[in-house]
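Residues per chain are reported as follows:
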Amino acid sequence: KNVWFGVFGYWFFLWSLNPQSAIRNPKITMRYIPNSAQEREAMLRDMGRESIADLFTGIPAHLQLNQPLNLSPAYSEQQTLQYFNALAERNATPTQMSSFLGAGAYNHFIPTAIDSLISRSEFLTSYTPYQPEISQGTLQAIFEYQTMICDLTGMDVSNASLYDGSTAAAEAVLMASRVNGRGKIAIAGNLHPEYSEVVDTYIHHAGIERHLIEFDQTTGTISPETLANLGNDISAVVVQSPNFFGGIEQLQKLADATHKAGALLVVVVAEAMSLTALKAPGQCGADIVCGEAQSFGIPMSFGGAYCGFFAVREKYQRQIPGRLVGEAYDGQGRKGYVLTLATREQHIRREKATSNICTNQGLYALMATVYLSLMGREGLKESGGQNLQKAHYAATQIATIDGYHLRFGSSFFNEFTVSCPKPAQEVLGKLASRKIVGGLALERFFPGMKNDLLICVTETTSKQEIDALVEALKAI
Amino acid sequence: KNVWFGVFGYWFFLWSLNPQSAIRNPKITMRYIPNSAQEREAMLRDMGRESIADLFTGIPAHLQLNQPLNLSPAYSEQQTLQYFNALAERNATPTQMSSFLGAGAYNHFIPTAIDSLISRSEFLTSYTPYQPEISQGTLQAIFEYQTMICDLTGMDVSNASLYDGSTAAAEAVLMASRVNGRGKIAIAGNLHPEYSEVVDTYIHHAGIERHLIEFDQTTGTISPETLANLGNDISAVVVQSPNFFGGIEQLQKLADATHKAGALLVVVVAEAMSLTALKAPGQCGADIVCGEAQSFGIPMSFGGAYCGFFAVREKYQRQIPGRLVGEAYDGQGRKGYVLTLATREQHIRREKATSNICTNQGLYALMATVYLSLMGREGLKESGGQNLQKAHYAATQIATIDGYHLRFGSSFFNEFTVSCPKPAQEVLGKLASRKIVGGLALERFFPGMKNDLLICVTETTSKQEIDALVEALKAI
Amino acid sequence: MIKKVTAHINQNEGLIFERSREGKIGYSLSALDVPAVKLEELVDPTLLRDDNLAGLPQVSEPEVVRHFTRISTWNYAIDLGMYPLGSCTMKYNPRLNERVARIPGFANSHPYLPDEFAQGNLELLWELEQNLAEITGMAAVSLQPAAGAQGEYTGLMVIRALLESRGDARKVVLVPDSAHGTNPASAHMCGYKVLTLKSNDQGAVDMEGLKKALDQHGPDVAALMLTNPSTLGLFEENIEEICRSIHEAGGMVYMDGANMNALVGVTRPGDMGVDVLHLNLHKTFSTPHGGGGPGAGPIAVVKELEPFLPFPRVLRNRDSNGVAIYQLEYNCPQSVGRVRAWFGNYSVLVRALCYIKTLGPTGLREATETAVLNANYIAHHLKDVYDVAYPNGKPMHEVVFNDKQQSKFGVHTLDIAKRLIDYGFHPMTMYFPLIVNGSIMIEPTESEDREEIDVFIDAMKSIAREAQETPELVKQAPHNTRIGRLDEAAAARKPVLRWKSSSKGGNAAGA
Amino acid sequence: MIKKVTAHINQNEGLIFERSREGKIGYSLSALDVPAVKLEELVDPTLLRDDNLAGLPQVSEPEVVRHFTRISTWNYAIDLGMYPLGSCTMKYNPRLNERVARIPGFANSHPYLPDEFAQGNLELLWELEQNLAEITGMAAVSLQPAAGAQGEYTGLMVIRALLESRGDARKVVLVPDSAHGTNPASAHMCGYKVLTLKSNDQGAVDMEGLKKALDQHGPDVAALMLTNPSTLGLFEENIEEICRSIHEAGGMVYMDGANMNALVGVTRPGDMGVDVLHLNLHKTFSTPHGGGGPGAGPIAVVKELEPFLPFPRVLRNRDSNGVAIYQLEYNCPQSVGRVRAWFGNYSVLVRALCYIKTLGPTGLREATETAVLNANYIAHHLKDVYDVAYPNGKPMHEVVFNDKQQSKFGVHTLDIAKRLIDYGFHPMTMYFPLIVNGSIMIEPTESEDREEIDVFIDAMKSIAREAQETPELVKQAPHNTRIGRLDEAAAARKPVLRWKSSSKGGNAAGA
Ligand SMILES: Cc1ncc(COP(=O)(O)O)c(C=O)c1O
Ligand SMILES: Cc1ncc(COP(=O)(O)O)c(C=O)c1O
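Top to bottom, those sequences are chains A, B, C and D. No gaps in the numbering here: position 200 of the first sequence is 273 in our numbering, and each next residue is one more. No gaps in the numbering here: position 230 of the second sequence is 303 in our numbering, and each next residue is one more. No gaps in the numbering here: position 94 of the third sequence is 110 in our numbering, and each next residue is one more. No gaps in the numbering here: position 377 of the fourth sequence is 393 in our numbering, and each next residue is one more.
It is possible that part of the hints are untrue.
What follows is a set of in silico ranges between Cβ atoms, one per label pair, in the way DEER data are often shown [as the list claims (entries may be wrong)]: (1) C:Leu331 with B:Leu285: 37 to 47 Å; (2) C:Thr212 with B:Leu285: 37 to 47 Å; (3) D:Pro61 with A:Glu287: 44 to 54 Å; (4) C:Asp400 with B:Pro133: 28 to 38 Å; (5) B:Asp306 with C:Lys209: 16 to 26 Å; (6) C:Glu56 with B:Ala301: 26 to 36 Å.
Don't read these hints as lab results, they were simulated from the structure. Keep in mind that this is a model prediction, so the values were computed, not measured. Cβ atoms here follow ideal geometry from the backbone N, Cα and C, with glycine treated the same way.
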């Protein structure tokens with residue numbers, strides 16, 4: 074499919090939109106509204122009201138609109154599909170251009186059964202499970218989700234999800250400060266730049282100060298030595314592993330150094346698939362492990378909706394932001410699940426809540442739960458292994474090209490940074506004309522890294538695609 | 074999308090298929106089989122059996138395969154999707170080429186909600202509703218389907234579906250002969266040729282003889298006069314309306330003539346959408362009305378699966394082929410639905426059954442039911458009206474082109490026959506290069522109609538597409 | 017104790033017609049973009065509908081969604097639990113198949129597309145034919161039949177056409193008394209006289225009886241219709257000899273392939289001497305049953321019969337570059353004709369090929385082996401509680417019991433079936449095959465896990481105990497469903513087969 | 017009498033972990049196509065996982081499908097019936113929105129695609145911003161906030177940034193006592209001191225109290241956070257005056273737009289003097305609640321505040337041919353920063369735009385009018401049976417009662433809520449807003465048909481009768497669900513928040 078072809082289809086569509094479609098028999102109701110005009114009249118009569126306008130007298134008349142909103146007239150179902158299909162045609166997807174983009178959003182394989190299950194009305198159109206007697210489906214699924222997140226991260230307690238990986242990192246920082254009352258936060262310089270920006274936003278008004286931990290220029294990782302002299306005003310050290318450049322951090326050593334300073338270690342995981350192959354942060358001494366679960370069956374969808382995960386040591390369970398599901402029993406001793414420890418939350422605690430979050434990412438946590446169930450122990454190991462092996466194959470091949478080399482010396486999972494013989498942005502431009510999205514030019518976030526390219530390879534990237542990339546790099 | 078582009082994608086895919094994908098840990102089970110190899114061993118032990126082979130000793134050893142079937146190795150889920158997507162890319166769909174094909178399969182708009190409802194596990198993965206206590210969903214839906222078919226056709230009793238329109242026509246012929254014991258059938262020459270072929274197949278061994286009713290060369294319809302001298306050995310007269318050329322038959326007059334000869338009138342409806350605008354055949358004296366319900370929300374899918382409908386006068390209800398659902402009450406007086414009058418069927422009557430049909434088109438009858446519910450009275454009227462108006466607009470426009478004229482003088486619904494100034498097949502070839510599938514060349518079924526083209530226009534055909542067709546016809 | 021289900025609130029819902037109100041709509045079409053003209057000006061007004069479609073409902077989209085969602089919850093389904101329905105092979109219906117069948121390139125393709133614009137569809141048909149031929153060991157396949165019964169009918173016509181082409185107008189088809197009802201019905205539709213063969217005391221074809229029938233009717237016997245494994249779930253050990261004797265008598269062997277789930281990848285009908293068989297893709301090849309279809313019933317035939325298959329056939333040629341070109345061949349002079357419009361239940365065929373591609377040779381055999389294992393496991397655990405109909409048989413993918421032990425307490429197969437509902441299962445197949453009194457026919461398929469099977473075994477044992485101790489409990493079952501046993505006799509006596517605006521709603525408010 | 021539901025069998029199911037067995041799999045990946053190398057040779061082995069992922073389950077696909085299908089049936093859902101949840105706007109979730117959000121060009125697009133390869137996405141964002149600006153009457157929109165609460169937080173930061181840019185570091189946010197809990201929580205996160213405003217005896221902002229607060233804290237008041245219609249479902253009649261006095265005091269007005277379903281197409285916050293508001297797309301704009309998200313909480317602001325919106329912003333330019341080119345602008349020096357990665361809950365945004373396009377201006381107003389009508393209809397029919405919290409108010413899209421009459425018999429809001437379950441409804445919102453003792457908050461939305469509403473009214477009346485006649489029946493409710501009231505206090509005392517292999521399964525066999 075040609076992305077540019079879409080443009081013409083799109084203009085054609087706009088031209089074809091018939092304004093008359095808004096003209097409709099006034100007695101005929103919008104299809105989503107069950108009560109017809111006639112029925113509404115009857116209801117008004119039944120209530121002794123004259124007209125709909127009677128019901129709106131609470132709104133000062135001069136504030137009421139006397140003309141329709143200035144929006145396009147209602148599209149028919151067919152027009153709606155044409156409109157959105159035409160828009161979608163103007164985006165490039167991995168089936169049209171092979172893509173080596175990662176950097177926090179990953180193109181992993183999504184088993185078909187997931188969508189079919191989460192599309193069941195009972196999951197899709199249900200409310201937050203405040204009424205456990207008729208919400209056990211959602212509650213049990215969240216309980217399973219919490220369990221899986223605990224197992225993957227090596228932690229004791231997981232919440233029911235946060236908005237995304239970046240806000241999870243921000244909430245971790247706020248929580249750490251709540252826990253130990255310290256007012257400074259040390260943030261790794263190789264944390265995902267957008268996460269870092271979000272943390273900055275969140276700490277700005279929380280009176281928390283930020284201390285930057287520079288990464289090592291040869292390994293790209295945080296050297297434990299840089300933590301040697303952490304002040305005792307540091308509430309937490311926030312590191313990401315694999316870090317933004319793809320490198321795996323020495324978490325145990327970082328934890329030791331952090332704990333020595335009495336701070337908490339927050340480990341951020343932007344590529345959750347790495348948890349299937351790399352040692353669990355919880356096993357390495359992390360106090361909070363949080364991040365992005367998009368890799369577990371959630372479509373990339375231009376950056377959202379995703380699913381932030383958040384797991385802590387048991388001793389912090391009453392400090393965790395967001396919802397928690399726990400076991401409970403009814404009068405007959407039957408086991409079920411309920412939202413619990415709600416006293417942390419804003420409904421009850423208002424300004425003293427552990428967070429303001431209310432609606433979270435329930436359905437997407439369910440997606441992740443179904444994904445993890447389908448893939449299971451073996452599938453996750455295989456997937457993790459394939460990511461790792463394919464990325465290393467790609468890295469090795471690229472490193473053989475004249476002028477290209479791996480920027481950093483550290484171990485990596487499925488992403489790595491390549492130094493190009495010319496500006497990475499220029500390389501990407503040339504690759505694009507060969508229908509390859511070659512990765513992310515790092516200069517945008519790290520002005521000093523003009524020639525550096527962040528490349529991601531997953532289990533869905535075929536050897537042919539990798540080889541084609543290598544050939545293209547050689548040729549340009 | 075280019076159809077030919079698909080070919081290359083496809084070969085690329087074949088080349089990429091890795092034969093190693095069949096190599097799998099023997100301890101690891103196919104993902105659709107819950108009992109693992111280990112579990113199966115345990116079950117064997119539990120039964121005191123040695124091996125799986127023990128269970129197959131009923132099959133003579135020399136008949137057992139000693140090598141795997143010669144099929145392609147198992148595709149991964151991703152490969153399967155690639156394989157089928159690549160195949161599908163090599164078909165042209167109406168979004169790629171505007172299409173004026175009808176002739177028994179119609180491109181009507183399909184509301185999105187249908188697929189979401191029929192995909193519910195409870196409908197999709199349930200069995201034929203022989204156990205009413207846990208099948209009321211399917212049963213009630215069929216009861217609603219039967220009611221709607223009765224209303225649309227103007228008949229008293231509808232069955233729960235047959236395979237498709239063509240076999241419905243064949244079953245009608247067999248039923249008519251059962252009803253009146255006559256051995257000859259009169260079939261309209263403008264019946265859908267494939268239906269006609271199927272009827273021929275079915276009557277061949279039933280000892281029923283076929284008599285052809287020629288259509289009128291100027292109107293394309295069956296003139297009531299041709300039925301004036303029907304012999305009293307004719308069991309039924311089978312006509313289609315709108316007929317294969319799109320023309321609407323004078324059903325009432327045909328019914329009168331048929332009944333005069335003591336025969337039954339079977340009205341076949343290949344375009345069920347026509348029922349929304351044209352007088353119900355039941356109102357015109359038909360004894361059996363049957364046909365194809367594909368137009369009611371069922372995708373064209375290269376000709377199947379579709380949904381044959383079949384409706385009769387009440388007096389024939391015990392002669393109807395296929396399943397019937399009726400009301401019933403339980404011991405507490407609660408109303409429900411059951412499969413009823415089963416004594417007509419093969420389970421009980423065996424060779425004396427009214428038909429051999431067992432599995433029918435349940436899910437697709439449900440699709441039609443959801444479609445008819447969503448469209449409802451107003452939507453069906455609007456849709457029928459649009460089909461009719463757009464087709465007439467197209468016909469009028471085409472008739473203005475030099476050398477083109479409407480082949481027949483009769484009223485039509487959404488299909489009409491155009492005589493071209495050159496062989497229709499040639500016209501179609503030229504239109505194809507302009508990304509238009511211009512209709513069906515009739516020569517294939519009616520060798521005398523070399524220049525005649527059957528054109529269909531539905532509510533989904535835009536004015537632009539019609540105008541583009543007209544322009545193209547002018548230009549070629 | 018009932019472990020598998022608990023009672024829970026379940027929504028009532030009337031008929032869709034009872035929701036109808038003037039002015040409600042559930043659709044949205046694009047506005048007419050050609051000049052509007054009154055229909056009466058375009059078409060002879062006497063031909064136009066004049067009843068305002070009064071019978072059709074007027075409802076909104078949310079109501080339609082709620083209506084069908086609610087009534088769906090009254091159904092049992094594979095995705096909710098085991099369906100021990102013998103002969104029906106209710107296996108898991110992969111979601112991947114559903115997705116693939118909905119790919120727009122398939123779903124939106126018109127059957128009269130010129131061959132060059134339908135190469136994907138044609139290749140798919142060709143590929144599926146090849147795969148099924150390999151799986152069955154036959155020479156050629158027709159995908160046209162819409163279900164098993166139509167496959168039988170088509171297969172018999174093919175046989176008849178061959179015989180007639182030899183000038184051999186035979187009139188008799190032999191059908192064992194254990195056969196499915198569609199077998200004699202199809203034979204009858206094909207113009208044959210059905211001669212019932214009594215089964216022997218093992219439930220198999222009685223070789224003596226067969227010999228006698230052939231001695232008596234031999235020259236008139238067109239075919240034997242055989243189910244293998246039989247409807248008792250037993251492999252016909254004499255299959256080769258049976259085929260031989262039929263062939264010697266000048267007849268052909270038709271195999272009902274409904275039970276192919278016991279054989280795929282392990283043995284092939286073509287290697288046994290079978291001449292024609294049908295497959296139920298909605299059984300063996302996992303396409304969803306959909307509450308009663310659609311299915312697909314392709315037939316596979318030996319070389320000799322190929323010319324008689326329904327037309328059109330799909331051919332593969334190669335162009336000058338060796339690229340495959342697929343083509344529909346309509347010129348099949350010996351063909352029995354068409355048995356339906358176009359090429360079969362295409363959307364079902366797509367699913368079946370998807371299944372085959374997904375499992376591959378190893379997976380297909382694994383499925384068969386597991387299906388047979390599961391059935392034997394059930395047979396093993398229930399054989400002391402229920403009488404096995406033919407205790408010397410070696411059950412394959414299903415096992416048949418009878419209700420002899422339970423009948424002593426006045427509890428019959430129907431009661432056991434209904435009581436299974438209370439235990440959270442769909443009933444087994446009952447009273448089929450007819451040769452088993454009070455038949456209890458159980459087929460677990462490979463899709464069940466041991467735990468579900470164990471719960472089923474426990475339920476069956478528990479019901480057997482109840483039959484003895486509290487027979488009334490079983491005879492009144494089910495107790496935990498939203499509706500009880502319905503009076504089917506009364507329903508058939510005065511059938512109400514459609515809603516009328518005067519009648520009251522069912523399953524509805526006030527139930 | 018309970019008309020709406022009947023008890024029916026419902027499948028039990030343990031935790032997914034309890035299905036786990038060695039060797040089961042539910043996945044299939046393509047085989048590795050690069051040379052296989054041991055992971056230990058590629059990565060420092062001490063960094064590799066060494067627990068074999070032991071906690072993750074091993075299950076097959078059919079079991080996963082059955083597991084989640086079964087547990088889903090324990091949920092209530094919009095598609096099953098009315099959700100009279102005040103403040104939650106549980107309206108119909110169109111299937112068309114779901115389909116559109118899944119179009120591969122949206123679902124498979126990477127957020128770091130260069131702008132030229134993401135023009136469709138960028139235009140969609142731009143178009144949605146324009147539409148929401150028009151609907152709210154505001155100048156600019158940010159789609160970044162992931163839900164309402166984050167919208168509040170972002171909106172307050174935007175206000176704070178403006179004030180700080182003026183060198184005006186105010187510290188106080190006024191929040192009415194009727195506000196949703198997220199309001200004070202968000203204000204607190206934004207570093208503000210929350211000052212609670214008492215509502216007047218009409219449930220509205222007490223103008224005296226407001227004046228007093230401004231007199232006292234005026235120069236330190238950064239903003240007032242107002243919900244309009246209030247959480248009582250009443251329009252703030254003094255809204256303009258309120259805005260004026262806040263503005264005069266140098267503060268800004270934040271409006272919680274959770275109740276916009278009462279206003280869309282009828283009136284616009286921007287015309288009232290509001291400076292910032294958030295929208296809950298998962299309420300007003302029909303995106304599915306999904307058992308707790310995802311939502312989307314865009315904010316709309318007046319011109320003055322636009323420079324402070326989160327970055328990046330979406331800009332529309334035109335190329336030399338006048339063709340629109342969309343572009344992400346990161347250079348926003350006054351921006352409050354990012355509040356999340358990328359551009360918002362994009363897949364939710366797609367659904368919301370689909371909803372707007374489908375309804376158009378007429379449909380949007382019709383939805384609002386019908387929502388308000390339905391709420392008034394309920395208020396009218398229940399006002400004699402339950403005490404309306406503020407009887408002089410003119411309810412808009414929701415109506416708030418209290419349990420005063422019922423409390424006399426010892427029956428409280430919680431009991432009424434639980435009893436509604438037996439009647440086949442989801443409970444209403446309870447105990448919110450906090451200013452109403454035993455609040456019973458009912459919002460039907462426009463998605464309910466009169467019949468469903470009438471059944472609801474009857475149920476509420478019937479429960480009121482029961483409260484008087486058989487209070488124990490109500491206090492023990494629900495009676496007809498698979499599980500009864502759970503001991504939440506005990507659960508919180510010793511929380512069990514994850515499964516451990518030693519623990520027993522829930523909702524499972526043996527329940
Ligand atoms: C043994 C046997 N033969 C034939 C059939 C008929 O197949 P279908 O229902 O597909 O027409 C069945 C179906 O139940 C069967 O079990
Ligand atoms: C009045 C009001 N404000 C704010 C919120 C918070 O919105 P969200 O749950 O989207 O964060 C809600 C949600 O319930 C609400 O009802």
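In ascending order, which of the hints set out earlier in this document are inconsistent with the structure? Of the numbered hints given earlier, those the structure breaks are 1 and 3, listed in rising order.
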